[in-house]
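Using the sequences and the accompanying hints, generate a full structural model.
If you want the building blocks of each chain, they are given just below.
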Amino acid sequence: MVYKNKKIKVSDILANIFMILIIASVFIPMYFLIITSFKSFSEILRVPPTFFPEKLTLEGFLLAKEHGGDIFRSLANSLIMSIGVTITTLFFSSLAGYAFAVYRFKFKEALFIAVISKYLLPEIVLIIPWYWIMGRLKLIDNLFGVAVVNIIGAWSIFYIRNYITQIPPDYIEAARIDGANENRILFQIIWPMIRPALGVATTVNFLWSWNWFLWPLVLLQSKQNFTLPITVAFVRYIYGGGQESVPHYGAIAATTLVYILPVLLLYILVQKWFVEAFIATGIKR
Amino acid sequence: MPLLKYKKSHFFYAFIYLLPTIILYSIFYYYPFALNIYYSFTDWDFLHPPSFIGLKNYQRLISDPLFFKSLILTVIYVISVLLGSIAIGLIQAFIINRPTKLAAFTRVIMFIPYMIPDVAAAAIWLIIFAPGPSGYANCILSSLGLGNYSWFQDPNLAMPMLIFYSLWKYTGFSALVLYSGIKAIPGEYIEAARIDGASEFKVFTRVIMPLLGPIISFIIATNLMSSWFVFSSVYTLTKGGPGTATLLIGMYLYSTAFESFKAGYASTIAIINTIFIIFIVILQVKRVRGIGYGV
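Residue numbers (the numbering used here), protein chains in the order written: chain A, 1 to 285; chain B, 286 to 580.
In short, the hints are calculated from the structure, not lab data.
Predicted model, so just to flag it, every value in this text is computed and none were measured.
Some hints could be false.
Said to hold, decoys possible - Derived pair list, reagent style DSS-like, types lysine-lysine, alpha-carbon separation capped at 30 Å:
| no. | chain 1 | residue 1 | chain 2 | residue 2 |
| --- | --- | --- | --- | --- |
| 1 | A | K118 | B | K386 |
| 2 | B | K547 | B | K524 |
| 3 | B | K547 | A | K223 |
| 4 | A | K272 | B | K386 |
So, in structure tokens, the structure goes:
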């Protein structure tokens with residue numbers, strides 16, 4: 001009798017174990033986050049901690065709303081700022097990207113390098129002067145003051161320009177002969193052709209604004225103006241349950257959950273753009 | 286790159302289209318950058334007008350023990366996180382490069398830590414590594430008989446924990462970029478080396494690694510600046526503490542400017558670090574250019 005063993009390689013088994021470990025390292029923290037956000041405060045303090053919550057409550061959410069700055073207000077602030085920044089960036093970057101791609105003019109190279117070099121300036125070298133400028137413009141503690149420094153992105157200009165240069169100029173010439181003016185060419189002919197680029201640029205800019213922390217932290221002062229990351233950082237300092245030194249982990253978890261849900265949702269919906277976006281940029285703010 | 290013929294009306298449009306960019310960049314990037322250079326020569330507390338003090342801030346920087354401590358901590362952090370995430374990412378990239386469903390699923394999932402915001406990821410770690418017996422990590426460890434730790438509040442553990450956290454957070458990116466690099470290597474190269482009798486180890490060191498070189502430079506170039514000035518995670522996890530155990534440059538700069546209100550001195554720290562980092566990034570970008578990522 002011949003045993004025909006299906007060849008099982010040790011390396012395959014090890015690889016599978018490794019992959020399961022990677023997946024666990026993502027899912028287990030997510031699981032802890034979700035259960036903590038729905039536990040009651042007395043259950044959070046229990047020793048040993050419960051791994052399956054006995055009672056699901058909204059205590060964390062309510063406490064965060066009460067003391068840590070209204071999380072739903074922060075959610076609205078974050079959405080307004082991120083969507084606003086994304087729209088203006090796409091609009092202005094399309095204009096600039098188009099100009100760099102199809103026109104010939106003096107000092108174009110120098111100007112292009114000047115625009116792209118912004119990419120090399122870390123935010124940290126700019127915030128002190130920004131703070132002074134915003135003081136002058138009476139925009140301290142103002143959401144518009146946070147957003148305005150970021151309504152045109154160097155990366156977006158670069159990325160959109162690269163896409164437009166790949167379009168054969170005959171398209172543009174033909175449209176011009178037909179009498180279309182430049183605005184029409186850009187928004188009605190070029191925009192539909194560079195849709196993938198716009199998708200990636202939307203994802204990148206939305207996420208950047210969504211994650212943006214340092215500058216809003218410096219500029220925003222009152223709770224009703226906070227964006228979500230600032231609220232998450234501040235909720236750390238809510239203490240509860242008569243235990244002065246123990247932060248209210250339920251409130252932290254609840255706020256964090258509200259903060260990451262839109263991102264996870266986006267990731268599920270437009271995963272292709274996400275990966276492309278991150279590989280194309282790599283740079284986090 | 287095909288360019289259209291120059292026409293006068295085009296110059297008009299080019300001017301109009303670039304005007305918002307030029308105005309906003311001047312106001313919010315180049316003017317502030319110049320201001321920062323000016324501030325670095327002044328003594329300033331945000332309230333009174335800045336007073337010019339020449340090179341005093343720079344002299345102070347050289348003899349500031351806290352600055353050197355934060356510099357050393359930053360170097361340790363950057364080297365461990367960059368090298369660690371590339372090394373683990375490389376292993377990960379080879380492992381997920383197989384046609385199984387599990388590998389495809391892993392590729393989707395492993396990117397989540399990189400994608401979620403820093404502050405959120407840090408908050409999740411705070412919850413899991415809560416000090417005291419009611420924390421999840423402590424509970425699991427003490428059930429294995431390994432005792433209780435204060436994690437981010439322990440002066441000896443805070444820095445290793447910060448690095449550990451960052452590896453969890455950032456390795457997915459390196460792995461994914463390296464994975465796309467490995468996929469792009471033509472199979473014939475590897476086959477040819479094998480036919481010539483090269484061992485698997487030789488194939489890896491002599492064929493695959495040199496081809497991945499520019500991709501590794503790309504990862505370094507794109508992540509160097511963000512990890513040198515890492516702030517959001519440090520602020521959420523430790524605020525530079527306990528004491529000054531995790532006072533990295535970004536945190537030191539923030540606390541100098543917005544907690545001690547020494548805006549002039551903070552500008553000096555900012556400008557020195559920026560010049561240094563730009564220099565290194567440019568060196569890396571020169572190596573990357575060949576592969577067409579076009580940073």
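Failing hints, ascending? Those not satisfied come down to hint 1.
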